[in-house]
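Visitor: Listed below, chain by chain, are the residues.
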Amino acid sequence: MSRFGAKKGNRAPGAEFTWDTDPGGVPDTAPTPLYPAYVVPFARKLSEKEQSEVNYYRHLRERFHEGPYYSVLDTSSSSAKKGSAARANFDAFHGMPSYSGRYQKKRRTLPKVANIGREYETRYFPRELWQTIMPNFRPNASIDGYHMQNAAIGIKRGFEDDEDEEDEAAKRRATGGDEDDGEGDVDEGELLEGDEEAEEEIVDDDFEDDEDDMGGDYNAEQYFDGGDDEFGDDGFGDGGGGGDEDTY
Amino acid sequence: MSQYAAELCALLIEDQFGELFARIFTTLQRYERLPLPRLKFYSRLTDRQLHHGLVAMIQHHLVYHFTSLEDGNTYYAANPQAAYYLVRSGKIIQLVESRLGEYAARVMETILYLGHAPITHLETLPDLRYLKSETTNGVVKDEEQEEQQVEEQEEEAQDFDQQAEEETNGTNGNHAEEVHQKPAPLHSTLKALASHGYILRVKDAHFQSPEDNYIEAHKAASNRSDIKLLKGKRLTEELLLKTEEILRERTDGDLSEAWMVNGMPRGVKRKFANGTSESASKWPQTDQNGANGNHADEDEENDWSEDEDGFDNIPMEPGLVLRVNYEKLDVALRNARFVEMAEHNALPATAEVYETLLRRIEYVTKRCRDTTEIPREGEEGEQFSLPIETYKIVNDVDPTLDLSSCMGPLHPASEPLNRRGKRPLENGVNGDHHDDEEDNADNEISRAYEINQHLQLLEQAPHNLASHVRLSDGIKWRVGFRGLARKLRHLELERLVEMRYGDVALRVLRVLHAKGKLDEKRLQEISLLPFKDLRQTLASMQTGGFVDLQEVPKDAQRQPSKTIFLWYFDPDRVCSSVLEDTYKAMSRTLQRIKFERNLRRDFLDKTERSDVKGNEEKWLSEGELEQLQRWRDMEAILLGVVSRLDDMVAVFRDF
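Residue numbers (full-length UniProt numbering), protein chains in the order written: chain A, 1 to 248; chain B, 1 to 655.
Hints are computed from structural coordinates only; laboratory data are not their basis. Don't take every hint at face value.
If you want the footprint, here are the derived chain A segments under chain B, 3+ residues with CB under 8 Å [stated by the list, open to error]: (1) 48-57; (2) 95-106; (3) 124-132.
For each residue, glycine too, the CB sits at the ideal point set by N, CA and C.
Chain B extracted, bound-state conformation:
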């Protein structure tokens, strides 16, 4: 853990949980793992502070603990990973919101807020009971309490009746008032989250550091009887395999497979539900429901597809303890990043097709990569995702998406269309195939063809966002994630260099990257730049640490005149130093927020008073309101900068 990363983690913890946590965390980071008495000595906290702090930090996975069997001591260690991911919480909730709707985001936020939580506890939380719960004032709470009691009686029935209740809401007089508090589909939401892999089952091993887990698994493996029989090289190999296996078994809390339906997670927002067919299918439904128009919005937020209703009624195992699965969320965030890349380089329709492909791949990808560290440049083999058949993408893509208008005419497929005589002439362009039942098969084929065309477009250089495998049963599409992740890193570096040193520098950098180590003269020939410019750029880039110089002396005296100087660009080194810079920038920005808050402390204290908070309009003057708004905007910008920097960290470290 580097200095700035450690500083950043401590600042994040302080920002979210206060100074006590930060103190414990920094002490643990500084002294590595410690038993309680040593921790007390170094942190200079009281016993009670430590005990309470540690419990709360373990609850939030900020601290690993490990009880050794030999001496019976419990050791505590910091969990920098979890601390860092605090900064990504906003992104995670936003992602869940865009995928699964507002309520799912609320559930996710609650799980983040609790650290880990059993399902039984989530069921009891008042703010997860209803779809809209903007009212949590004292008066309403009492009502809610009463309602809760009623609800509890109905609890078992509730899940089953949920659908039915929606239907009857309109006619039933009692329920009409609490339309804004429709009972929430907690279990189906949890299942949707679980099947996406965004949450996972907490296991004992999650509370121990990865090293401890590895050592324990190793011990367990070497104690096995079949391993003890082996010797020499075979032993080490087998031991390694078994250790990995045990380790995986102990840490894997994946829930996604259990709740998948036909390889698709439940609760996926169907594209066509948001498309034009909305007007056709949704509005009649609400008419049946009665006068309450609220349903339309809420239905839109939670579009559980109809065929899964049977499964949704089965509640999840109540004793299950859940936490957020950061690894999987990284996969989702990475895919979002690739889609962004596709949007820059291709048409919106193509990007959408690509997004569909990536979504399919995301369901079967557990983590971004298998190794913990990013391997060195050039030592990393390409890993392809599972190939996805075209017809699956055809099914998933929004049927109203206009695929053909941005492509050239489909010449090979024009023959089968023509066999129907005058149809193409009547229809003009191939637009209105939908109304014709017989054309469906043709339509499928042509859509598949078009989707293949779109994906082929993405397959082209420079980014090679997808690649295809031709098998006997058709074309499958896959994505080479390692190469793309590397590409992202390079693009990020190039962006930085261009911003800091201009386009000349960028050209030099690309030349160096493509050709390897180069003499200045040779470099000048290739990059077609005047000597003066070249030297200036190279010098400034060397100061920034982006390129470096290697001396190769011709004789033992190492005279400069008889030495060859080679310029080179080492992406690994630059990446790691840029990563450190990014950590530093993030921690500086957070410190800035702290400082700015301190400047306005008296004012902000006032806004946080228990009587002012919530009714700012009533108690604050106009100027103060304006000042508050200005402060919020400024904090938003600073936090936005932190989150942009976090995007860079993700590229350099996580993807």
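One chain only, chain A, in its complex shape:
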């Protein structure tokens, strides 16, 4: 440890403060470097095979990203629920929906599972998730696994059938028949879930692609709340779809 040049003897005192030391040189009084200099190894160039491996990897990843499952945790936007964490994290500078944002890549907050043209092998999934796979599935309709097959066939009906049923349900409600309490409960449950769904859906601030993306989904989930469609919030309200929620 040489504290001062003077201690070394052969230099004049104060010599270490001279201006004409070599540039980049470390003065004697500088602290010893914490980490010695070392050579950073460079990765070799990718071989052709590696390059194609990487390309395949990226291509597959791209497909996953474009696919229905890719989902992020919070896309904080102004349309988030008041008081929620997503709202608090809202970036006021970049998060405001703008016209040029319509082309921006949209991120889901929820993987889209049902009605994406993908057939699920229901038997491979645990029972408690069946309702997620098939929105039409009634968990309390049957306990036995064999009855399940019927329910599974049930979902293959088109939407026309559903509408028929909806009419039926409406008729039943109109007649005030409260005889089937059990099913009424189910209906309510569905209604609630429908609402929840709607709120969740707003979170990913889609503009116009909404109907295209989720067209099939939408009908299925609005299965029971007949009146809501008249407001047309899925049709023309989309331009300000995000903002609308705030005014309520």
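Please arrange chain B on chain A, whose structure you already have, making use of the hints.
Guide: Quick look at chain B alone, frame taken from chain A:
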């Protein structure tokens, strides 16, 4: 599951599927298996997020689930294996592409993309319908829809007519336009993949963790009536056997045997199709087809051999659910690794012969090893693959491959050649035997002899890549995979040590490995190094964890002066610590990619805009294009590094 491995899995999932999956996965990893309410509590996600996330993750086999019969609860657990294999997807697709062509790679990618899929669903996918489908824009889609409807009518006929259609394409006016969209041989491709063992049938047990499967199998075994009669030691033995048997029965979804033809999987690219005979056989065929030259390329990509056409027409069972068989793919990747090793040590022709041998062995090898963990050094017995007869290799090897030029003259076989008098003199070197029909038998024998010579070359030390068994009906060749896998591990370690500490260290390490525990003085004598160098190297290697020191005190006081210090090198320990380091390096590299992406987030968001994407040239400025290219190159290098590290992981963990 170690910390870094867990981190790596979570990062991989996040990279591919987004944060929601990663959150669920990390929670499950941290708390092991959980029922839904607990999972909800720990992960702090909403019910809907959890439900949808779990469904999608089960679809991709990222989560195991198990419904207990006792309490009726469903438990979820992370599947780190599947999560890790996400990183290997590029390698897998590349492998399939090199073996079975571009279309098979596309099918494989689709199966990977879907997690698991029934064949009926694969049939409906638009991008698997045609051999070339680079156009999936909106306009073309409509056309495709129409075509699909037409196709659907023809669907049954399609498979049968496929060959015929290729022939008539040229003359038929309607089809001429859609030459670039030739209907794809989906079923035969699937069969080729299945017979190679790259895909397998999904079974219920694949969705449960191995532990649960084992417990269930154990229960099932102990409930059997014949087991209940047994007692004591016999009971435990029998129970173990039965459990294994039931377990195998439940998890084995192997499809390869059903679709093998004469012990060869279908769709194998014949070597000679790519060789010189291409010009002889292929071009006339395309002339018949008419003017469209596209066929030549496509035929090359899918070279189904002619004799299997009869089988190819039978479609696969439509209800079959398929997934990727990672175990088998590991075998294929391991073989590729051995071929690489042979290429380093021997001539190209020898390596090719070796590759043929390994290919044959691959068809009958289901997995890399039977035990789940790599056994400790020295406790592992050698396991040989099934022996393969030489004549099979002779059949498989590319007939145009020049085997003789790199070998010495075949002296024992020169007698039968000479019996034909002046022929050898006329021909000069033994080159043009092909044109002579009578020479075929001789030729076979001499080729077999040459192939044996090549393989004997590989049998030599230091690597012993193959070994032979001499039976009554000739020589068979086999490969001792365990020893070779161990060799690979050691080579990898030696490579690391040489890179980090130099060749002196490498010498010390080899001495320690060969001799066991050594006193410093003795070590110095053997390694012929000056004390100073030796100590420096040993100290630095100890810091790195490659060698270690054992103290053996002579008296109870443990005085340093009266203690013997022994240096040793424990490959098991070093392997596991290097494996951890590798995981760490991989996860750091992935984090780096994430960070770099974040730096360029605004720019990358722009390139990902739905209007910009796909027509970058149109919307981006020159500078931006350059920037995009630079980013892609950099990401490629980082991903390439990850995939190299994955090679190391494979050596240390999977092979």
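Visitor: Would you mind marking each hint as holding or not holding in the structure?
Guide: Against the structure, the hints:
1. 48-57: Coverage by chain B holds here, the residue count being 9 at a Cβ distance below 8 Å.
2. 95-106: Contact hint for the segment 95-106 of chain A vs chain B: holds, 3 residues under 8 Å.
3. 124-132: holds (count 8)
Comparing the model with each numbered hint stated earlier shows that all of them hold.
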